[in-house]
Amino acid sequence: MVESGSKFSESNQRSQIYVWTFMSRENHSPRRKTSHTDKFQRKIFSSNDSPAQHYQPKNFLDIFRDPVQLEWFKKFLISRGDGSEYMLLYILAVNELKQYTLTPDRVMNIYRYIKTYLLGVNSEIFMRQRHPLWFRIRRTHNPPVSLLVEGQCLLAKILHEEYFPLYIAFNKEGEKGVCSTGSESDTRGRRLYRWTKFIKAVIEFRKGLLDQNSHTCFKSYLLKESKMCSNNPVRIIGDKVFSTNKLIKDIEFWSEVERYKSLYDDNCNSDTLYRKAQTIVECFLESSISPRIQINVTPDLANTIIQDLDTNGATRGVFHEAELAVFITLMIFWRRYEIWMVDFDMKKLPHLPLLPKQTIQNSSNKKQEKEPIIVPNKPTIQTPIEKPIPSNRRQRPVTQGHAPELSDLLPRISYSLASRRCCLLSFGHEDIVNVDEDEKTGSLPDAADKFEELLTRVRSKDHKKRPLQRTKLKLHDGLELGIGVYSLVRPTTKPSFKWLDQANHQDVKTQTKMLCNDTGKELTHVDIKFYRDFGGKKAIFEKEELNDMKQLDEFKGLKLLGFKPRSRLKLLHHLRPSNFLYPDESVVKGSKKLFSLLLSRCIAKDLIGYCWYQGRGASAPRLAALLPQTQEKDESGIQVTPPGFHLIYLPFADDFRKLRYEKPEEATEDQIDATKRVIRNLLFQFKAESFENPSLQREYRVLEALALDKDEPDEFTDYTKPNNEQILKKAGQELADLSKICHPPDHQPVKTGAKRARAADASDPKKYCPSGEVDIEGMVKSGQVEKLTIPVLKQFLISVGKKSTGKKADLVLMVKDHFQ
Amino acid sequence: MAKDLIVLCIDTGPSMGHITAGQAESPLSLSIKIATTMLQQKIFYPTKDEFALVLFGTRETANDLADDDGNYANISIVQKFSQPDLPLLQYLLEEVKHSDISSDFIDALIVSLDLFQKCSGRINEKKIYMFTDAGCPFDDQDQLDQVLTGLNKHSIDLTIIGPDLSPSHDSAMNGSDYHPGDGDNKPGKMVHKSKAQRAGEEILQRIISQGDFASFSFSEALKALTHIKKTQLRQTTVFRGDIEIGPDYKIPTYGYLRVKENKVSSWKKLSAISQCSTNPGSMEVTLARTHHLGDEEQTEISKDQMVKGFRFGKNLIPFASYDLSSTAEPHLKCLQVIGFSRCEFIKRHHFIGDSIVTFVPPVTEGSQAFSSFAQALYEMNCTAIVRYCFRKNANPKLGCLYPHIRPDYTELLFFQLPYAEDIREFTFASLNESEHSQEEIESMDDFLDSMDLSEAFIDPTGDRCEAFEPKYVPNPHIHRMFQCTSHRALNKDSDLPKLDPLINDYLNPTFPGRTNVKNCLEMIQNLCPLIEIGDKKTKKANIFKKDIETGAAPVSEELIENMDIDEALSSDVSKVGSINPVKDFEELSKKHGMFRLACEQMQECIISLIKESFSDQNYPKAISCIESYREVCVKFKQPAMLNKFLQSFRNKIIGSSDNPRDQRHQAFLTLLVKEDITLISKNECDCDVTLEEARLFLQTLHSISTEVDAKNETQDDEVDDLLENM
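Here the protein sequences come in this chain order: A and B.
In terms of the UniProt record's numbering, the first sequence opens at residue 1 and continues consecutively.
In terms of the UniProt record's numbering, the second sequence opens at residue 1 and continues consecutively.
The set of hints was computed from the structure by calculation and includes no laboratory data.
A few of these clues could be false.
Examples of chain A residues lying across from chain B (beta carbon under 8 angstroms, computed) [to be verified]: (1) 488; (2) 501; (3) 587; (4) 612.
Nothing here was measured: the structure is a model prediction, and the numbers come from that model.
Even glycine gets a Cβ: it sits at the ideal position worked out from N, Cα and C.
Work out the full structure, taking the sequences as your base and the hints as a guide.
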């Protein structure tokens, strides 16, 4: 199986990206909420009554029809903190989709929302329902409306059956408004905690910006930050690329937009509003001074806003997207600012005069003053390459030909998850959540329970479940089953590489030509035959004949020979990693039933099958044993071992090596008992999943460090190294006893061939004559100095205080020089 | 590397050419067959071994010992020690003919012995294979002792192939027809033994018994050579070091490869152009590999200007080897015990390496530590989990040491185990292994019993023994390669030979004992019908192929426009899905033997459509499903399927309880009445439901639905009132 590429996860980035996903979700919903609340608050105020007391909705539909109730219900769901509000949001989104008057953009947006609901962190609420529909929607790109509507029905049912009674009960308790604390389970509590923590941070940030003092301090902090990296203004955090030089403008823009919104809320007349909006655009989004866009938003977004303003006039949310965009970057720096504030005393701040409250006009004047901002207008492909790399690092630019945008890179680090359970929680990765017909084990894992596992990711290659081959298992003539051959264990190889040019990291194409030695002609594949030397002559074959030699049987696939008791499968019967067989209905219909019958009876009778396996293409037949395995599930209903046959490849007569060795001395009872005590103390339950491949992990980490420009690769604990401390703690005494009893011969380390040879060299008297005994001078005169060995020459040179490096000829020359 | 020296000493005397009654081939041709097979196998797996060929009973005399007195006459050394090659093989096959002159086999032995005098180099073993039927005369028995001392002095191993010298020889002499080891068991063969032969055999018997040598009959020898065997490699260690438990306790050990796939050297490329030319040279092919940049000029660059780029996400990261070596600490050579685990935690299918390494103590003295370790593991049914690094900076392997204790040796077998990265956790659907009828179980058990292999093989002595024991199964591919290569080398331009029947016997074995299998098969086929689905690719390809063949009109544009890809792909319906249930159902029910299944699935589908409906959203779909279901039932004359379903319909949808939540789908019943869907009655199809009953059903449904409607209406009124109040 060829994987397109290996994917790593990255632990430090993990938390950050998590936060980002969290934030971006947060950034979708609040907007919806604010716009709704605004509308509905007015309604509520006009009716002067709490909707809960107004009347009792009879079912969910009632709530759905009534905007007031709907809003309350939504608030109620949000307060539950279990993501159930997303069900409602989904229903609303689909409802909107059903209108035919939507612009294509809007439709795309809605699809995006739906994807977010279904694939995002909140997807667990959907997946928990274990309804095949969700998996289907997830899998299809732009699912048809009918499918989405089906999902809507399903959700409505759940909301009605599960949440509606709760909602009614909640209202009956007489609590007005929505209480934000709930006594949910631990997981819910934790989620809620994260939520509240996040929201608190946002509120604090908003408060801080609105406060004159902290606003100024923050601004000066940003100024410092942008000065600090003025030669390297482009920063990447999460999935955002931004310029630090624009930070100051960002905060100005933000406060202007806030002001604009308060103007709007104060029912200011539309002319003033439009003028205000126009000024904001002129100052920040379409500035006459380079760069055109003064804040950290994409040109696309800027254009959209400008257009929006032109067509729709000054609406309240016209700057919303841009505000969000800058908000995120500002939020990051706000956090840093907070830390910085703690670290450095306020007094150490360089004294900054309180800036007068700027009007938009003079802020635009100011721009002209601090002009030396050279920032590329667009985050173009070149940006990361132009980005200077800190001098202490070797320059390692990312290749140009391969989407060098580092900004692309970070969010795309695919977190592949060690465990299937995590897969269901992973977001943004449709491929992982892929529940096929083949995979319905009857119960899907409860994703919500496994929330913690989200954090236990490992760096590992992600493998798609795909049969190596779909073929047939011939039980007997006329009885052929369809099966898929899978690979469940296979040594993971080191990541594949491509050759690149050292200078500018371009792709290097490798051409292989076959040349005829006799004629010098270039040969094509047709001109090639194959031979094998046989007693001095060449036995020549065509390519097809070679294949024929392997195809010894017309039947391709597995041909059953018969059954043997399981005990006949010996330890020595191992040749290569095994495969796994599972019935495939797409080859032969009805295979599953017969396969399962065969499997269950083989297990019951403790039999293994023997078969010939001729794989795909021109592979030679192999003898293999079919080892039955029954399905096992763990306590939470997750399949641990799948049902099917393991295909154990068997060695042939020639594959066994005939070895001769002596029988060792027999051990005494005492010795065996002592060894047993050691073993007993060092017993553990082996689990293959608990050991990571040290050399592979090392390579991954180095690669990752290079890619992300880290100074050091991440630390890695090699669990395959025995923990000697622990061993001594557990069995130190027993081991000491054992070595007393067993008298293992004094540990002369077993010498390897090379070492022995060297040792022999050293002890060779001919080559090791001390210089004192050799008359070097005499030898030089008689011209025999070449006969001396290097050590002798070196020793002599050292004794006369000369340099003793180089080849033998050099040494000889130096010795000769000495005497001349 | 040490070599073996082998003398093939073949009798070409008159008796060798004599075909005894009941035998297909003469002793000489059998001898040649055996000798050539030996040579071919040596040639196929090239070794340093050298062969010499001595013929005795030839017209010519060509040996160093011969003198004018007629000593050592008629013995010719065809080939002195040299590596076997094709000319020697061809000589054996074509030139060696029997003559009418006999020569003394003891003289021949002496000539052969003499050959060993002149060889040099490191010699591993010296062997003489003598092929004779002992039919030649011999005169001086005095030389016999000389021969024996000579053989012993040079420690030469003598094997005599031909005469029947087995211990039961005496009984054979007494007229018994039993010849063990001779598979043919032809009665009366011994009768033809001449006096000289008997005397010769006696002498040979003496040599064998005195020198502790071996002898085989021709058929035994042929049988022993049927499987090509790789010449044993010298036993070399792959690891010398200590098993370390904790920092201080060390058990010295040597590691050897125990099982590893035997691979023959790969094929070499040859230029067909050169071969076709009138004067073919070496015909060799060289590979010229060049590296080019992707620019317009296709600039060639050298290897040292290149650097490896590794994928990270979709980017390629240039990665020079020094990047890794500079940071990494080396993996030291080791065999360290991490801990111990019970055998049951180690899954057989997790053995991952491509070889088994065995560890044994290097010397016998002081190996108690080793044997106590192995013994303790064995008695506790445990394995040692180890980290194994066979040399410095090799990739460390995780594995386990299994004790393997036999009467004459004790070893620890190392199996590599997977790392976390190597395990792919795929989920496979349950197979409902427990849901099989008694009948199915019984027929499968019968099948398993009749396919037994543990006693399926009948050996020549008539005993039953295990078939396909890996130890004795030859690799068919290598055997076939050997067969083809030697055939092609000897017969240029011939086709590939037919598959060796011996290999065919392995690939397509026939077990005479299996008589019951046919019956079991039929039973199983009936119980678990299998429908083969043709290869989709070929099916699609055939659509066009057929047109071409039959010369049908080209596909009209209209047809192409109307062609629905989905339809073309979805022709294999296996389940009634909720997207397009009517179509699925109709497709499925048409298939042979699937009607019942289709019905069951349709029922499920209808119920779930209604139950999952959000208000009345799914009702029209459900109605159309029921209509289609009804139609098909009438068509297949299975009215009971629908009637039963409809009768239990109300309960299924609404449930017997008065839970108000379940009441909401009563509206569907109204719809059902409105659509005038009734039970299938006598008039439509053969069944015992009268028209009246069918109508009655409708009425009951109606009454229920109206009742519910009334209830709903009052509720609606209330809502309206409330809304007005707002």
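Cross-check of the supplied hints:
1. 488: OK, holds: residue 488/A within 8 angstroms of chain B, min 6 angstroms.
2. 501: Since chain B brings a Cβ to about 6 angstroms from residue 501/A, closer than 8 angstroms, the hint holds.
3. 587: Holds, about 6 angstroms.
4. 612: 6 angstroms, holds
Violated hints are absent here; each numbered hint is respected by the structure.
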